[in-house]
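Trainee: The listed protein sequences derive, respectively, from chains A and B.
Be aware that the first sequence starts at -19, since it is given in our numbering, and climbs by one per residue.
Be aware that the second sequence starts at -2, since it is given in our numbering, and climbs by one per residue.
What the hints contain is simulated information worked out from the structure, not anything from laboratory work.
One or more of the hints may lead you astray.
Here are the computed lysine to any residue pairs in the SDA-like style, where the Cα-Cα straight-line distance is at most 25 Å [stated by the list, open to error]: (1) B/K170 <-> A/K123; (2) A/K119 <-> B/K146; (3) A/K(-16) <-> B/E191; (4) A/K123 <-> B/A136; (5) A/K(-16) <-> B/A86; (6) A/K119 <-> B/L61; (7) B/K79 <-> A/V112; (8) B/K79 <-> A/K(-16); (9) B/K146 <-> A/T145; (10) A/K123 <-> B/T94; (11) A/K(-16) <-> B/T96; (12) A/K123 <-> B/T129; (13) A/K119 <-> B/V127; (14) B/K146 <-> A/T332; (15) A/K(-16) <-> B/K170; (16) A/K123 <-> B/M78; (17) B/K170 <-> A/V112; (18) B/K146 <-> A/T(-15).
Cβ-Cβ distance ranges computed for the label pairs, FRET-style [unchecked claim]: (19) B/E132 <-> A/V181: 52 to 60 Å; (20) A/L320 <-> B/E210: 44 to 52 Å; (21) A/Y285 <-> B/E99: 52 to 60 Å; (22) A/V324 <-> B/K29: 24 to 32 Å; (23) A/V112 <-> B/Q63: 21 to 29 Å.
Only a predicted model underlies this, so the values are computations on that prediction, with no experimental measurement involved.
Note that CB positions come from ideal geometry on N, CA and C, so glycine has one too.
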Amino acid sequence: MSPKTLSLLRTFAPLLGIAALAVVMLVVAPAVLSPFRLNSLGKYTCWAIAAVGIGLAWGRGGMLVLGQGVFFGLGGYSMAMHLKLEAAGPDGVPDFMLLYGDGTMPAFWEPFRSGPFTIFAILALPAIAATVLGWAIFKRRVKGAYFAILTQAMAVVFATLLVATIQETGGFNGLNQFTQFFGYNLYDPVNKQMVYSITVVLLIVCLLIVWQLYRSRFGELLVATRDAEERVRFLGHDPANIKLVAFVVAAMMASVGGAMFAPIAGIISPSDVDATASIFLIAGVALGGRALFLGPALGALTVGYGRTSLSEAFPNQWTYFLGAMFIVVILLLPRGVGDLPRLVRSALDRRTSA
Amino acid sequence: MSTHTHAPGKRSLDYLEIRDLTVDFDGFKAVKGVDLTLLQGRLHFLIGPNGAGKTTLVDAVTGLVQGTGLASYGNQNLLTMKSHRIVRAGIGRTFQTATVFEELLVLQNLDIAGGVHRSAWGMLLARRGVPTYVEEALATIGLTALRDKPAGTLAHGQKQWLEIGMLLVQDAKVMLLDEPVAGMSAEEREQTGELLQRIGHERTIVVIEHDMEFVRSFADLVTVMHAGTVLAEGSIAEIQADPRVQEVYLGHQVEAVPGDTGDADQRSDHA
């Protein structure tokens, strides 16, 4: 093979990876999995969408985003509010408001009757929130552990706020009992599979976006910022702006994941968006390999599957297993399981050259 | 060089003028009222014992530390600007320890240095081929053969050249180089000096240096700093004859400046 074909292959190998993932998830999985399992896979896919964004922000940008649950929640609750209003019917009021309050709906719910507005909100809310927050954080040059703690605290605040506002957001129970998804009955298995397929397509779109970002000059600059932030200043860039872009894109992806999570899981509650949920998102990314292209998505799918299967087999001890797995991976493969091929290759190289 | 005799500001000659620059670290004045005129086309060396304030002066001009006074370049006072704006105004610098982006290729290192000239949308596109200005910079710094290597695998001297190449790509009109030949072999120093002479004609280059042999070989103009002030300025011969300069170096001959030769061969094993 000529060097030119080789370099072409290297550029487009990630696309082959995406194509393989698409075939497995869109064709093979629906054919072999029961509707229940397929729905579970849909849930993992939502986490994977958020994980792709974390890979961008953390793996390439070096920002340990420990509060992605907040953005996952912004999308999830936006979608859930719309679904709740759809279930309530025109001029209807969500059932829990009658249960916990006097049945008057807060004004901020009203726009979510509109489907297009909801989709706009799912993209715009996290973008605005992340821009304001990121601007304040990065311009002040908050980084490293302080950044991680700050984002983590944000998730705690967000979940606490949700729990405290039972009349507006359903409180601890969250929002559930959705019947319709943009006019499609959610009790119909065909429609459920459609929602699953949409989620997979969104994952693929997110992967394509980061693929382009990684190979772009922005991607190179982001890695440069991660490795030597101060040096980037002397290339004539404000590193705060570079990090901000990655942070906002990651927030939007988390929001999209959250938005699809609501109809698939049938519920969104504070426990899906709190600090623990945020750490589960990070765990998948770390496991798969944060700086690798497919690492975050595959890691999140694996951790999602692990949660389900371990919790079925060991209802009480499963979190210990997951914790242990996390420790082992961080100790032995700090760059994630996806780094294994590279390690094997370099070990073989060393042996042949010795 | 006839350019020496021109007054600053005349016609197309580029210059950076520093007036009464003071840097105050909580009461300790690292730089005290320094006046300096840096003129295009001459290799200007900044020497002096450790702690003389050379690096601090460069830090102040590039926005890394806060300074008072005036550092004017093209009608702008650099002391009021942020680092990345100063770079965009055409002032580039290197650091004592070469800081290239180790995980990126040599080519990528040079390419992102050209980012100052690109639009925000252009940043989202992938690089196609090798831009001519990158190719030229590669040839100038002599790293064409290594362009597809990760910068982290370069030898120490090559990293310094890469940094100078990045300044070329970002089209820095003023280059402030902090000890570019430290830790280099004699041969590498020679090559670096020649490189600086080649690129120096249309630029304003300032080099902070301890290595007197290197200063002697390549300096057009030398400024000696001591305890935050300018002690003397002139040609290398004038500086060496100056009794105040000799006194600063503890009565020794200027040849015995700390940091001279000694470790020159330490790094000669580079590929």
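Trainee: So, for every hint listed, does it hold in this structure?
Mentor: Here is how each hint holds up against the structure:
Restraint check: the Cα-Cα separation between B/K170 and A/K123 comes to about 32 Å, which exceeds 25 Å; the hinted pair is violated. The suggested pairing of A/K119 with B/K146 is violated, with an alpha-carbon distance near 34 Å, which exceeds 25 Å. Of the pairs offered as hints, the one joining A/K(-16) and B/E191 is violated, with about 35 Å between alpha carbons and a cut-off of 25 Å exceeded. Taken as a hint, the A/K123 and B/A136 pair is broken in the structure, with Cα atoms around 38 Å apart against an allowance of 25 Å.
Proposed proximity of A/K(-16) and B/A86 is contradicted: the alpha carbons are some 38 Å apart, above 25 Å. At most 25 Å may separate the alpha-carbon atoms for a hinted pair to count; A/K119 and B/L61 meet this at roughly 15 Å. Our distance criterion of 25 Å between C-alpha atoms is met by B/K79 and A/V112, whose separation comes to about 21 Å. Distance hint between B/K79 and A/K(-16) is unfulfilled; the C-alpha atoms sit about 42 Å from each other, more than 25 Å.
Between the alpha carbons of B/K146 and A/T145 the distance comes to roughly 56 Å, so the proposed pair goes past 25 Å and is violated. With a CA separation close to 23 Å, the supplied pair A/K123 and B/T94 stays within the 25 Å bound. Between A/K(-16) and B/T96 the CA atoms are separated by roughly 30 Å; this puts the pair beyond 25 Å, and the hint is violated. Note on A/K123 and B/T129: the hinted pairing is violated, with a Cα-Cα distance of about 36 Å set against a maximum of 25 Å.
Only pairs whose Cα atoms come within 25 Å are accepted, and A/K119 paired with B/V127 is rejected, the gap being roughly 33 Å. Straight-line distance between C-alpha atoms of B/K146 and A/T332 comes to about 22 Å, which keeps the hinted pair within the 25 Å bound. Taken as a hint, the A/K(-16) and B/K170 pair is broken in the structure, with Cα atoms around 36 Å apart against an allowance of 25 Å. Proposed proximity of A/K123 and B/M78 is supported: the alpha carbons are some 23 Å apart, at most 25 Å.
Between B/K170 and A/V112 the alpha-carbon distance is near 36 Å, which puts this suggested pair outside the 25 Å criterion. At roughly 18 Å between alpha-carbon atoms, B/K146 and A/T(-15) fall within 25 Å of each other, so this suggested pair holds. The supplied range of 52 to 60 Å is broken by B/E132 and A/V181, whose beta-carbon atoms lie about 41 Å from each other. Separation of A/L320 from B/E210 is about 51 Å and conforms to the stated range, judged on CB atoms against 44 to 52 Å.
Look at A/Y285 against B/E99: about 36 Å separates their beta carbons, and that is not inside 52 to 60 Å. A beta carbon spacing of about 59 Å between A/V324 and B/K29 contradicts the range 24 to 32 Å that was offered as a hint. The given range of 21 to 29 Å is respected by A/V112 and B/Q63, whose C-beta atoms sit roughly 28 Å from each other.
Of the numbered hints listed earlier, those contradicted by the structure are 1, 2, 3, 4, 5, 8, 9, 11, 12, 13, 15, 17, 19, 21, 22.
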